[in-house]
Amino acid sequence: MNCPMEDRHSETLVAYAAGELDRETAAAIERHLSVCPACRSMAAEQAALWNTLDIWEAPPVSSDFDRRLYGRIRNEARLSWWERLSRPFRPMPLRQALPLAATTCLLVIASFLVRQPDQLTPSRPRREVVRADQVERTLDDLELLRQFGTANQAETPHADTM
Amino acid sequence: MGVAASALDYDAELMLRVKDGDGDCFGLLLDKHRVSVIHFLYRLVQESAVAEELAQEVFLRVYRSRSSYEPTAKFTTWLFRIATHLGLNWLRDGKHERGLERLDYTPPDVPVRQITDRRPTVEQQLVYDVTLDEVRQAVAALPEKQRAAVLMHKYEEMEYSQIARVLGCSDSAVKSLLFRAYETLRARLAHMGRI
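Protein chains in written order, with the working numbering: chain A, 64 to 225; chain B, 604 to 798.
What the hints contain is simulated information worked out from the structure, not anything from laboratory work.
This structure is a prediction, so every number in the text was calculated from the model and none was measured.
The C-beta atom is built at its ideal place from N, Cα and C for all residues, glycine as well.
Hints are supplied without guarantee of correctness; some may be wrong.
Partner residues are not named here, just some residues of chain A that face chain B (Cβ under 10 angstroms, in silico) [said to hold, decoys possible]: (1) P122; (2) D129; (3) L132; (4) D196.
Covered stretches of chain B (in silico footprint by chain A; criterion: 3 or more residues with CB under 8 angstroms from a CB of chain A, positions within the stretch not fixed) [claimed, not checked]: (5) 633-642; (6) 645-652; (7) 657-665; (8) 676-685; (9) 729-738.
All chains, please: the whole structure from these sequences, using the hints.
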């Protein structure tokens with residue numbers, strides 16, 4: 064077999080130390096180890112590491128683990144629809160809440176800015192439609208005013224003579 | 604990716620029964636995976652009370668997701684993905700710095716390793732404590748993905764492909780992660796007599 068170290072397949076030696084290889088592959092590795100000092104050294108170190116890691120035992124599980132879990136499940140069943148809906152946000156740590164809040168603010172500002180140009184564009188002057196009858200009526204009114212003024216002027220000297 | 608019901612792993616079948624309202628099957632899944640999930644989380648966060656709290660959240664999430672569960676991968680892959688996500692998030696949030704359980708602290712209920720006799724000598728116990736402390740510190744010093752990969756590979760005996768799915772990377776990336784992690788551990792623990 065090719066040298067696992069030279070072929071960058073050192074994971075084979077890790078698997079060998081972990082006893083994960085099938086019998087045939089393990090035998091091929093052992094034949095190689097007998098002639099390759101580099102692989103032999105690495106395999107021995109890995110096997111020693113494997114044994115050292117074995118000493119780390121985890122503590123036994125609390126006897127009331129299931130009782131606490133089923134208690135939480137029962138409590139969940141009693142939650143209202145609003146509490147269930149808001150649940151993902153409640154225990155949110157600051158690390159997650161801050162980016163979410165910042166994104167929301169940005170979206171609000173962006174939507175404001177997108178809408179703003181329309182509002183900022185000067186509105187076109189409104190074209191007023193002047194109807195012909197309106198013009199006529201206005202001219203009539205002006206004429207009446209003019210006549211009224213003339214009549215006043217004509218009547219004034221007469222009043223003075225009285 | 605849909606998996607035919609006949610090709611499902613037993614756990615996924617149990618979970619589908621939970622989806623159909625069979626609460627007993629959830630109990631079976633809990634019995635089967637409780638210890639491995641708690642132990643994995645314990646070695647990840649290195650605090651036994653926190654590990655149990657996080658494991659409760661893992662199983663609670665599994666239960667909550669029952670109605671939308673689809674067996675697209677092995678059940679344990681999904682389970683450990685949730686556990687890894689919660690554990691790493693807890694570490695990233697820096698909560699371990701507040702409720703600090705010293706690395707050299709050994710919970711009173713940790714089984715004492717029997718070396719030759721039923722009662723190890725004081726010296727043997729001291730050597731064991733120092734070794735354990737060094738192992739815990741060496742693992743804790745690994746980058747988070749390497750740490751999770753080592754714990755799944757060494758203590759949960761998971762295959763590369765499954766670890767890859769849990770961590771969301773390729774098989775070759777996992778091989779590389781593990782190789783670098785073991786290389787670091789070998790170097791860090793080289794001064795110990797065993798290595």
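Hints, one by one, checked against the model:
| no. | hint | result |
| --- | --- | --- |
| 1 | P122 | holds (5 angstroms) |
| 2 | D129 | holds (7 angstroms) |
| 3 | L132 | holds (5 angstroms) |
| 4 | D196 | violated (71 angstroms) |
| 5 | 633-642 | holds (count 5) |
| 6 | 645-652 | holds (count 3) |
| 7 | 657-665 | holds (count 4) |
| 8 | 676-685 | violated (count 0) |
| 9 | 729-738 | holds (count 4) |
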